[in-house]
Amino acid sequence: MTETPRFARLPVLPSWENLLARLYVLPDAVVDRKALRLELIGLASNESVSLNQLFSRLCVFLPKITDCEGVVIWRRNKDGGEVIASNLSPKKSQSLISSRSVLRLAKDRHHFFNRRSPLALQINKKVISYYHLFSVGVLNQENHFLLSLSSKPVASETARVFEVIKQILSLRLKNDGLSQNLSQQETKLANLTQQLGEGMAVLDQGLRIVLWNRALQNLTGFKAGDVLGKPFDQILPRSSQADWLTNLVAQSKTKAAAHLSADFEVTTKEGENRWVSCLVSAYKNNVGAIEQIVIVARDVSHAKNLEKQKNEFISIATHELRTPLTAVRGYLNLLERNNNNLTDKQRSYLAQAIKASDRLAGLAEDLLKVVQIEQDRIQFKPESVHIWPLIKKIVRDFKPRASAKGLTLSLSRPTGSDLLRLDPERIEQVFANLIDNALKYTDQGSVKIFFEEVAARNSQQRSLVINVRDTGIGIGLKNTEEVFRKFHRVHRPEQSKEQGAGLGLYIVKSFVEKQGGTITVKSRVGKGTHFAVTFPFEITSQRSKR
Amino acid sequence: MTELKKRVLLVEDEPLLIDLYKERFGEENFELAVAQDGNEAIKKADRGADLILLDILLPGINGFEVLRQLKKNLDTRDIPVIVLTNLGSEQSDSDKQLAFSLGAVDYLVKSYHTPDEMVEIINKRLD
Numbered sequence: 001m002t003e004t005p006r007f008a009r010l011p012v013l014p015s016w017e018n019l020l021a022r023l024y025v026l027p028d029a030v031v032d033r034k035a036l037r038l039e040l041i042g043l044a045s046n047e048s049v050s051l052n053q054l055f056s057r058l059c060v061f062l063p064k065i066t067d068c069e070g071v072v073i074w075r076r077n078k079d080g081g082e083v084i085a086s087n088l089s090p091k092k093s094q095s096l097i098s099s100r101s102v103l104r105l106a107k108d109r110h111h112f113f114n115r116r117s118p119l120a121l122q123i124n125k126k127v128i129s130y131y132h133l134f135s136v137g138v139l140n141q142e143n144h145f146l147l148s149l150s151s152k153p154v155a156s157e158t159a160r161v162f163e164v165i166k167q168i169l170s171l172r173l174k175n176d177g178l179s180q181n182l183s184q185q186e187t188k189l190a191n192l193t194q195q196l197g198e199g200m201a202v203l204d205q206g207l208r209i210v211l212w213n214r215a216l217q218n219l220t221g222f223k224a225g226d227v228l229g230k231p232f233d234q235i236l237p238r239s240s241q242a243d244w245l246t247n248l249v250a251q252s253k254t255k256a257a258a259h260l261s262a263d264f265e266v267t268t269k270e271g272e273n274r275w276v277s278c279l280v281s282a283y284k285n286n287v288g289a290i291e292q293i294v295i296v297a298r299d300v301s302h303a304k305n306l307e308k309q310k311n312e313f314i315s316i317a318t319h320e321l322r323t324p325l326t327a328v329r330g331y332l333n334l335l336e337r338n339n340n341n342l343t344d345k346q347r348s349y350l351a352q353a354i355k356a357s358d359r360l361a362g363l364a365e366d367l368l369k370v371v372q373i374e375q376d377r378i379q380f381k382p383e384s385v386h387i388w389p390l391i392k393k394i395v396r397d398f399k400p401r402a403s404a405k406g407l408t409l410s411l412s413r414p415t416g417s418d419l420l421r422l423d424p425e426r427i428e429q430v431f432a433n434l435i436d437n438a439l440k441y442t443d444q445g446s447v448k449i450f451f452e453e454v455a456a457r458n459s460q461q462r463s464l465v466i467n468v469r470d471t472g473i474g475i476g477l478k479n480t481e482e483v484f485r486k487f488h489r490v491h492r493p494e495q496s497k498e499q500g501a502g503l504g505l506y507i508v509k510s511f512v513e514k515q516g517g518t519i520t521v522k523s524r525v526g527k528g529t530h531f532a533v534t535f536p537f538e539i540t541s542q543r544s545k546r
Numbered sequence: 001m002t003e004l005k006k007r008v009l010l011v012e013d014e015p016l017l018i019d020l021y022k023e024r025f026g027e028e029n030f031e032l033a034v035a036q037d038g039n040e041a042i043k044k045a046d047r048g049a050d051l052i053l054l055d056i057l058l059p060g061i062n063g064f065e066v067l068r069q070l071k072k073n074l075d076t077r078d079i080p081v082i083v084l085t086n087l088g089s090e091q092s093d094s095d096k097q098l099a100f101s102l103g104a105v106d107y108l109v110k111s112y113h114t115p116d117e118m119v120e121i122i123n124k125r126l127d
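Note that the protein sequences, when read in sequence, are chains D and Y.
Under my numbering, the first residue of the first sequence carries the number 1, and numbering increases by one thereafter.
Under my numbering, the first residue of the second sequence carries the number 1, and numbering increases by one thereafter.
Note that these hints are calculated values from the structure, not bench results.
Since the model is a prediction, treat every value here as computed from it, not as a measurement.
Cβ atoms here follow ideal geometry from the backbone N, Cα and C, with glycine treated the same way.
Incorrect hints may have been included.
[As the list claims (entries may be wrong)] Selected chain D positions facing chain Y (in silico; Cβ < 10 Å):
#, residue
1, A364
2, L368
3, E425
[As the list claims (entries may be wrong)] Cross-link-like lysine-lysine pairs, in silico, BS3-like; alpha carbons within 30 Å at most:
#, chain 1, residue 1, chain 2, residue 2
4, D, K125, D, K152
5, D, K381, Y, K124
6, D, K392, Y, K72
7, Y, K124, D, K393
8, Y, K71, D, K381
9, Y, K72, Y, K5
10, D, K399, Y, K72
11, D, K405, D, K381
12, D, K345, Y, K22
13, D, K230, D, K188
Let's have the full structure, built from the sequences with the hints guiding it.
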């Protein structure tokens, strides 16, 4: 299992166990001090004992298990020496390490045994004649030293004990340095996460919250203390239509890391509804189980509200437009009925006015449809539909227009099944729109509608492709996908006499996708455009159930 | 012998459209009565009608409520009602569904249909 730096073991060479064993097996000529050594081993290997505690205990232990009488643990800094721990009085220990001879030796970081003591002092009524100095390591860029004192020169065995002690201490210093560094990094990271403008939460494999930053607290009203350790669902219940977390967990079963972005509505602690836009990523370990889920959330309530207001505005405005539009179209219709007294010129004016009012009516309906799509208010009533007769009827309706323009409009029969599960009314709108477009943007040649059967990759599922191909003015390759964007008009006015608001293909794509289909477009300028709409065949067993 | 003319009740509050429909429907072989709000519609329907064209957004009680009351009244419950409105859409729509569930026979969006088309629809219903 790959571990994150957070859980990485600190370097342990030589190992604690090894060092401590060495300390334990050292021969002891003086007395049986094994029990004391065992105690020291316990102390040194206990990570909950802080470095300073360990230093203080060493100053008590070392005189008991070796033949030295005094111990000073100190560090060298720019002002000289500073005592960290000692079994001597602060004054005595400070003057020892401040002596020129000790400071001079401390520059070298070597081991020095049996040096003549720079001070005349007594410990336990013994006159101290010798001192021993060695470096034990570096912490915070300061050298740490152990100075011990004895009345007589120490035995070589004591030197070996010191050697092991030195290794233990340098290891602890190194470990402490690394943990300090690590905890600084962690603090930095935690601060960064807390100060992040975006809301951030981390969930563990059980979807319980392990991190909850300040921005998320502000957004949801829940404090980190309220939520840590609790299931995410309990804090922010998901609405049924946006079960994104379950989707993500399902997705991550097949992928190394799964990402998802979704907007959903949450209820804050105060009961207020807010829209959040989330980026959710699931990370798995190498046996495929979800290790953690990271959620970055942004409050988009303001934008959502604006969008809602915009949609409401369009909806109201369009409804308001309908009444005068009804009157205009109605009176034009009356005028057309009684056009006997009109001159040819007046009749042509009338025809133009009718055409314009029809377009205005179409535009109003398209705008309403777009608003309904965006508010997810369009209802689809799927049923078993034979698509061929349905398209045949549309083609028949468009034939006169094609002939008037001198175009061939042809429909070939599917070779296999044409049974799909669709809302016939909506699908009629889709193909009427595609055929209408094809006729609009084709000045010569043909519009062909034909069928193909395809198998989906890695699946038994077969689909029917319904193609609408024209030999018209085409669309530049660069923006083929853009034709489906709202208010996007591909054809510049100088390229085509036809006008439109650029809503038709947006509606088409929405209708196709809402019914489980896909739509693609290929085109070459001057050669034509080819739309392909694909729907999976209805599964027979399902049909019999319904 | 004069044949008794069929009676169509138009419930509409917009003068522009009342004039338009009066103008066109006047050419046809049915009598047109107009009610400009919900209460007037219920009163006039009570006097008898063969078809009601009912707007939804009306002053006072709205078209849905008028429809509800017409269907409650034994004298008016059998008169076919076409909802004629500029609300909603003729495709699957909640307003359309509500109208049908209250007993309307059709749901037409005014701006979709020219007066000629309206006449055609009315005559079909009256036959």
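Distance restraint between K71 of chain Y and K381 of chain D, which requires alpha-carbon spacing of 30 Å or less: holds (28 Å)
Pairwise hint evaluation, K22 of chain Y against K345 of chain D, where the allowed Cα distance is 30 Å at most: holds (29 Å)
Interface hint outcome for L368 of chain D [beta carbon to chain Y under 10 Å]: Result: holds, 6 Å to nearest chain Y Cβ.
Pairwise hint evaluation, K381 of chain D against K405 of chain D, where the allowed Cα distance is 30 Å at most: Violated, at roughly 36 Å.
Pair hint outcome, K125 of chain D versus K152 of chain D [Cα-Cα no greater than 30 Å]: holds (13 Å)
Distance restraint between K230 of chain D and K188 of chain D, which requires alpha-carbon spacing of 30 Å or less: Holds - the C-alpha atoms of K188 of chain D and K230 of chain D are around 25 Å apart, at most 30 Å.
Proposed proximity, K393 of chain D with K124 of chain Y (alpha carbon, max 30 Å): holds (23 Å)
Given pair status - K124 of chain Y, K381 of chain D, alpha carbons within 30 Å: Holds. K381 of chain D to K124 of chain Y sits at ~28 Å (cutoff 30 Å).
Satisfaction of hint between K72 of chain Y and K399 of chain D, Cα-Cα up to 30 Å: violated (48 Å)
Proposed proximity, K5 of chain Y with K72 of chain Y (alpha carbon, max 30 Å): holds (26 Å)
Restraint check, 10 Å cut-off on beta carbons, for E425 of chain D near chain Y: holds (6 Å)
Hinted pair K392 of chain D and K72 of chain Y, Cα distance within 30 Å: violated (44 Å)
Going down the numbered hints, you'll see the structure goes against 6, 10, 11, while the others check out.
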